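Asker: If you want the building blocks of each chain, they are given just below.
2 protein chains.
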Amino acid sequence: MDCGSSGQAKNGVSAAVISVGDELMLGQTQDTNAKWLAGQFTLRGVLVREFRTVHDDLEAIESVLRELSARHDFLVMTGGLGPTDDDLTREALRRAMDVVEPLEVDAPALAALDMWFKDRGRPMTANNSLQALRPKGARCLENSLGTAPGLYAHIGRAHIWCLPGPPREMECMFETQVAPHLPHCVMATAAVHSFGQGESFLAQVLGQRMSRQSNPLIGTTASGSIVSARIRAVDAAANPQSMESVMQEIERLWAPYAFGRDQETLAGALGKLLVSRGERVSLAESCTGGLAGSFITAISGSSEWFSGAAVTYANGAKTDLLQVPNELLAAHGAVSAPVALAMARGCAALLKTQWSASITGIAGPGGGSETKPVGQVFIGICGPRFETVKKFHYPGDRASIRDRAAKSALALLRFALLGQEAFAAPMIWESK
Amino acid sequence: MDCGSSGQAKNGVSAAVISVGDELMLGQTQDTNAKWLAGQFTLRGVLVREFRTVHDDLEAIESVLRELSARHDFLVMTGGLGPTDDDLTREALRRAMDVVEPLEVDAPALAALDMWFKDRGRPMTANNSLQALRPKGARCLENSLGTAPGLYAHIGRAHIWCLPGPPREMECMFETQVAPHLPHCVMATAAVHSFGQGESFLAQVLGQRMSRQSNPLIGTTASGSIVSARIRAVDAAANPQSMESVMQEIERLWAPYAFGRDQETLAGALGKLLVSRGERVSLAESCTGGLAGSFITAISGSSEWFSGAAVTYANGAKTDLLQVPNELLAAHGAVSAPVALAMARGCAALLKTQWSASITGIAGPGGGSETKPVGQVFIGICGPRFETVKKFHYPGDRASIRDRAAKSALALLRFALLGQEAFAAPMIWESK
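Going down the list, the protein sequences come from chains V and E.
If you count the first sequence from 1, position 155 lands on 158 in my numbering, and the numbers rise without skipping.
If you count the second sequence from 1, position 381 lands on 384 in my numbering, and the numbers rise without skipping.
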């Protein structure tokens, strides 16, 4: 199995993923199966060329099975295997296979269903027993987590797996009963994540390295203000160094904004730095109201380097908890550089940490003024021989202002730990 | 425009939704745009017959535009409008439109881009200016939240809108510049949200009201432990009362778990109760690390009823900030009913609020033991003449344990404000 730099399988091995369900097409339910399955195929060097979603409609399901089995090697269809009238995958598969006999009972599947209900002390309904039906020539796949067996069949050269819709059942069945029949993993994928600059600036920095003809192939994506370089290499096993060297080059070009790889988060990167120095951090949050703390504590083991946060939403809380002088609040307002600095200082003292960051700003939509518009946020950083405030102006709505402010505080702490040069690097939302 | 209760468009007006991006097809990014768009079309009685997802590949995008424009009235394509080389939607649209001239600059779009960068004091790169290109005969759509203009064109009878991939930009552009050209909403939809019981229990409570033959049609969905009844009525304008009475009935049947409708959140429902009584709340968070506070402060105006939170992740913080006695911590451990109660009491005193909730538990994956397993969480509630602790055992991973614990704290505060009877209602994860 081998693919070209654009991700196209050279030998033409390809897959398609089909999701079945009215609830998907009416916009009621988010399909997450297609993404998960695509990731599994990608890892194995098999390109998913098409995602399709169809209604609970016999003709639509039959037709998509016929169409896609004519041009792909692997089809995985999820959904439509339940016990109710709108579960049509079994019958549609029979028709697409040109099997004239009606669906037949799969004895082992029926026995397994029977056992499933016995184990739970519940009666098996007639509807449930329909789930043990399959087209002649197809095979039932055991479902260890639910009642719907899967189905395997082939039409022409296409291998077809029909899996249950619930993600846990689908993933388990794929791993145990589909993956062993697929090519081994050959595609290496990796990501380098950054925060603090825009996608177009960061893409420009990469320049020709993003050419569509390269191998590894580099692309950028942005999600929640995290801009990531996604790297995809074929034959990475033959040349594992190249993937690593590409990542290092991106990290160098994107310094200090690049903070981690793959599953790493901004908070995790901060934690690593703190742990390596044996130092701890605390937070003083106003407009973010605990969001930065929730990012940190999402990481298992963060108690090693995070002591806590003072969420001082009301002015009184800033005074009572953080010893911010009333006069400072009166003179400058809660959203100001002096108050941000006093919050960070007070927080480090209160929670007895070497480092502390404070966040105070106007998240909107109300509360803005000409001199302090919605989106204006001050972030204070205190550390050993280090004390400063940066001013930001974030665009967007309340949720994105808060998200960016919380992430900026973590990024600034990381910059401060890296040293003066990193801290001097401008962030895209900084304002004078 | 009119639809049957199954959502099928009687007159055959149909739509297709296309998502563009390698990151989607490689399984790196979850597409949420297709679901959102499908929901919008459904509201307007337009059936989305196909979802397609394609690679950043010129031929693939061109071909899907040609194929789907031949059989649908409305196409919405998202993604591929960015400033980089792998953004191919503009060029693919030109080809699918059979326009021979190269892409041309749209002067107003270029001016808007220029202004966008000027406003932010940032230089516009050459890449960015590519975003103002469009095929001859197409129209640029203003993007008030980002740099990528959208595109409108038609091929044959099909109206085609190309919208940016970032969901906020896409949704805003759809609402302001696509929706006005679609049929009016004919389908009334509403939701009643609940927290604290499982979907199968709550569906059983609704019983025959959920029959697929009803109008309004009632279905249940679950997302992030919020179980919602989704109500869909055709011709609701003709009989607006029925929708309201259905919602009231569900709220009655689901009391006290039902907390709000449509866009309402658990924190918002809590805030309404507090505001009506002129009371305030504070939080003492350990394992949730600020998550409950972030839910509250996500709501604009929450400063009216929320004073702040003490995120006491380290034991020292529990002692220093909340005056939890060291002896109590030593005798019972931080995850215990006495410590939860002491945290809530200390928090109400520290932040001078009538009400306070505390959360302390084991979010995992490490740190569990036989007597205190991962998922064990104590939530303490203090209020006027009210003091109690409930013990929970949440299933799932770290993220879902934290999410459920933070929401449970808000739900318990709401129950406590509603009175003893509501507070006595069992939650599904409560343990003895």
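If you're looking for bench data, these hints aren't it; they were derived computationally from the structure.
Quick caveat: nothing in here was measured; it's all calculated off a predicted structure.
Hints are supplied without guarantee of correctness; some may be wrong.
It does not matter which identical chain is used: a pair holds within one copy or between any two.
What the hints assert, rightly or not - In the DSS-like style, the derived pairs of lysine-lysine whose C-alpha atoms are separated by at most 25 Å in a straight line are:
(1) Lys-435 to Lys-375
(2) Lys-139 to Lys-394
(3) Lys-121 to Lys-275
(4) Lys-139 to Lys-121
(5) Lys-355 to Lys-275
(6) Lys-121 to Lys-394
(7) Lys-121 to Lys-435
(8) Lys-435 to Lys-355
(9) Lys-375 to Lys-394
(10) Lys-375 to Lys-121
(11) Lys-275 to Lys-435
Asker: Now look at each hint and say whether the structure bears it out.
Answerer: So, going through the hints one by one against the coordinates:
| no. | hint | in the structure |
| --- | --- | --- |
| 1 | Lys-435 to Lys-375 | within (13 Å within a copy, 51 Å between copies) |
| 2 | Lys-139 to Lys-394 | neither (65 Å within a copy, 43 Å between copies) |
| 3 | Lys-121 to Lys-275 | neither (42 Å within a copy, 38 Å between copies) |
| 4 | Lys-139 to Lys-121 | neither (27 Å within a copy, 67 Å between copies) |
| 5 | Lys-355 to Lys-275 | within (19 Å within a copy, 36 Å between copies) |
| 6 | Lys-121 to Lys-394 | between (55 Å within a copy, 19 Å between copies) |
| 7 | Lys-121 to Lys-435 | between (61 Å within a copy, 15 Å between copies) |
| 8 | Lys-435 to Lys-355 | neither (31 Å within a copy, 37 Å between copies) |
| 9 | Lys-375 to Lys-394 | within (11 Å within a copy, 44 Å between copies) |
| 10 | Lys-375 to Lys-121 | between (57 Å within a copy, 20 Å between copies) |
| 11 | Lys-275 to Lys-435 | neither (31 Å within a copy, 39 Å between copies) |
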